[in-house]
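Following the hints, put chain H in place on chain F, whose structure we already have.
One line per chain: the protein sequences are F and H, in this order.
Here the first sequence stands for residues 1 to 149, where the numbers follow the numbering used here.
Here the second sequence stands for residues 1 to 201, where the numbers follow the numbering used here.
Take these hints with a grain of salt, some might be off.
Residues from chain F that keep clear of chain H, each with C-beta distances beyond 12 Å, as calculated [what the hints assert, rightly or not]:
id, residue
1, Lys69
2, Lys76
3, Glu77
4, Glu94
5, Ala97
6, Lys101
7, Lys108
8, Leu114
9, Arg118
10, Gly124
11, Ser135
12, Leu139
The list that follows gives simulated cross-link-like pairs (lysine-lysine, DSS-like), each with its CA atoms no further than 25 Å apart [as the list claims (entries may be wrong)]:
id, chain 1, residue 1, chain 2, residue 2
13, F, Lys13, H, Lys187
14, F, Lys13, H, Lys162
15, H, Lys185, F, Lys13
16, H, Lys157, F, Lys13
17, H, Lys148, F, Lys13
18, F, Lys13, H, Lys190
Hint data in this document are derived by calculation from the structure and do not stem from the laboratory.
Just so it is clear, CB atoms sit at the ideal spot from N, CA and C, and this is done for glycine as well.
Residue strings, one per chain:
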Amino acid sequence: MVECIAMSLEFIKQMNEYVIDATMTQSDEDILSTVGKYDAPGWDTIRAAHSIVIQAVIDSRQSRLEKKKSEFLAAKEHQKSALKLFSVNKTVPEMLADIVKAMQNKEKVPDGLLMAFREQGQNGSEDDIKDIWQSLVQLGLIEPSDDEH
Amino acid sequence: MDLVSHYSIIEVEEQISMLEEAGVTRLLNVYRTLGCEQRARLADVDVLHHVITQALELERRWPRDLNIITYLAKSGRSFIDNESKKSASKATTASIDDFLHGESLAADTSAMAKLSHSSTQECVENHQTSSLIAEWMEKIRQLFVDDKDANCFIEQKLEEMKKSKIMTFCEFSDQIYRNVEKRIKDKVRKRFPNGFPWWSV
Numbered sequence: 001m002v003e004c005i006a007m008s009l010e011f012i013k014q015m016n017e018y019v020i021d022a023t024m025t026q027s028d029e030d031i032l033s034t035v036g037k038y039d040a041p042g043w044d045t046i047r048a049a050h051s052i053v054i055q056a057v058i059d060s061r062q063s064r065l066e067k068k069k070s071e072f073l074a075a076k077e078h079q080k081s082a083l084k085l086f087s088v089n090k091t092v093p094e095m096l097a098d099i100v101k102a103m104q105n106k107e108k109v110p111d112g113l114l115m116a117f118r119e120q121g122q123n124g125s126e127d128d129i130k131d132i133w134q135s136l137v138q139l140g141l142i143e144p145s146d147d148e149h
Numbered sequence: 001m002d003l004v005s006h007y008s009i010i011e012v013e014e015q016i017s018m019l020e021e022a023g024v025t026r027l028l029n030v031y032r033t034l035g036c037e038q039r040a041r042l043a044d045v046d047v048l049h050h051v052i053t054q055a056l057e058l059e060r061r062w063p064r065d066l067n068i069i070t071y072l073a074k075s076g077r078s079f080i081d082n083e084s085k086k087s088a089s090k091a092t093t094a095s096i097d098d099f100l101h102g103e104s105l106a107a108d109t110s111a112m113a114k115l116s117h118s119s120t121q122e123c124v125e126n127h128q129t130s131s132l133i134a135e136w137m138e139k140i141r142q143l144f145v146d147d148k149d150a151n152c153f154i155e156q157k158l159e160e161m162k163k164s165k166i167m168t169f170c171e172f173s174d175q176i177y178r179n180v181e182k183r184i185k186d187k188v189r190k191r192f193p194n195g196f197p198w199w200s201v
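Next comes chain F alone, as it looks inside the complex (with noise of 0.2 Å):
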């Protein structure tokens, strides 16, 4: 008997997976015809369940955004701390050595930027000098760990 039993179980699960079968197959007409009825759920908890869906969606977007912002943010900080740390080991003078020594070098540095680079460096003073080597350094024209002085 209990074998028996066992084997209608067994068939009573395959029709269940055939409802769920049916219902995954449905139209969208004739699943929405089913909301409220038969003990499905009604519009109000479907609509509940659709905002969830959106919502958590907006969520993740925004995290990620967070995330890279974060990201790209502490890049951004690392990089600046890593020159300050080189700029402090450099003198005034060493650093113009080097502005001098990149802006020679005509087939790397656009003739633009040695424009604007001359201008922002006719006062001469010291905060320019710095601002100007640390751009150069950004741009990669200038290597912040050589140490030939």
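Below, chain H without anything else, positioned relative to chain F:
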């Protein structure tokens, strides 16, 4: 992550954002038919929320060859099955603990009561179970009294026959087999939209 065979997070977000009310309705119905509330003590909406979160956190990778409904239905099934197993194991542990600590000796639900289950009680329970199953089976058979092919299919399924055996015995081609199966699925779903709560027997 293997982006050739699985969706990236941006694609997952894009796919899920296109889920419409019809899709949500379909999924909630599937979770109910899987017995989310009775087997796993979870509301259909909670299952949906869980599987969506899992997908968006890339905890459960989404193969490109699965459409959104199939993927979320599969994830929900796996979640419900796991939670159901956890509930069952908790219930068993509680019964053994009750037994070991000598608590609830008089209660019918205690391990002691279960261990001393008489054969008469077993018979009664078996009888009730078989009555309920027989009732369901009778209702299913009634749906196909005039459909010779469906009848043959069902009788063979009951004998746990595989597709090839059913095709031979009922003299079906592959196409007829699929048509009969589809007819049974649609008719059973129409008559029993909530499925069969087999876990209650």
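Going down the list of hints, with the structure as the test:
1. Residue placement check: lysine 69 (chain F) keeps its beta carbon more than 12 Å from all beta carbons of chain H (closest about 16 Å).
2. Listed as a non-interface residue, lysine 76 (chain F) keeps its Cβ farther than 12 Å from every Cβ of chain H; the least gap is roughly 23 Å.
3. The claim that glutamate 77 (chain F) lies off the interface holds: its Cβ sits roughly 25 Å from the closest Cβ of chain H, which is beyond the 12 Å cut-off.
4. In this structure glutamate 94 (chain F) is separated from chain H by more than 12 Å, as the shortest Cβ-Cβ distance comes to about 46 Å.
5. With a minimum CB-CB distance of about 48 Å to chain H, alanine 97 (chain F) clears the 12 Å threshold, and the non-interface call stands.
6. The claim that lysine 101 (chain F) is not at the interface with chain H holds, since no C-beta of that chain comes within 12 Å of its own (minimum 44 Å).
7. Non-interface call for lysine 108 (chain F) relative to chain H: holds, since the shortest CB-CB distance, roughly 36 Å, exceeds 12 Å.
8. Non-interface call for leucine 114 (chain F) relative to chain H: holds, since the shortest CB-CB distance, roughly 41 Å, exceeds 12 Å.
9. Arginine 118 (chain F), annotated as away from the interface, keeps every beta carbon of chain H farther than 12 Å; the closest lies near 45 Å.
10. Residue placement check: glycine 124 (chain F) keeps its beta carbon more than 12 Å from all beta carbons of chain H (closest about 50 Å).
11. A cut-off of 12 Å between C-beta atoms confirms that serine 135 (chain F) is not in contact with chain H; the least separation is 34 Å.
12. Consistency note on leucine 139 (chain F): stated as away from chain H, and its beta-carbon is indeed over 12 Å from all of that chain's, at 31 Å minimum.
13. Straight-line distance between C-alpha atoms of lysine 13 (chain F) and lysine 187 (chain H) comes to about 16 Å, which keeps the hinted pair within the 25 Å bound.
14. About 15 Å separates the Cα atoms of lysine 13 (chain F) and lysine 162 (chain H), which keeps this hinted pair within 25 Å; it holds.
15. Between the alpha carbons of lysine 185 (chain H) and lysine 13 (chain F) the distance comes to roughly 13 Å, so the proposed pair stays at or under 25 Å and holds.
16. Between the alpha carbons of lysine 157 (chain H) and lysine 13 (chain F) the distance comes to roughly 11 Å, so the proposed pair stays at or under 25 Å and holds.
17. Between the alpha carbons of lysine 148 (chain H) and lysine 13 (chain F) the distance comes to roughly 22 Å, so the proposed pair stays at or under 25 Å and holds.
18. Of the pairs offered as hints, the one joining lysine 13 (chain F) and lysine 190 (chain H) holds, with about 17 Å between alpha carbons and a cut-off of 25 Å not exceeded.
When the structure is compared with the earlier hints, no violation turns up for any of them.
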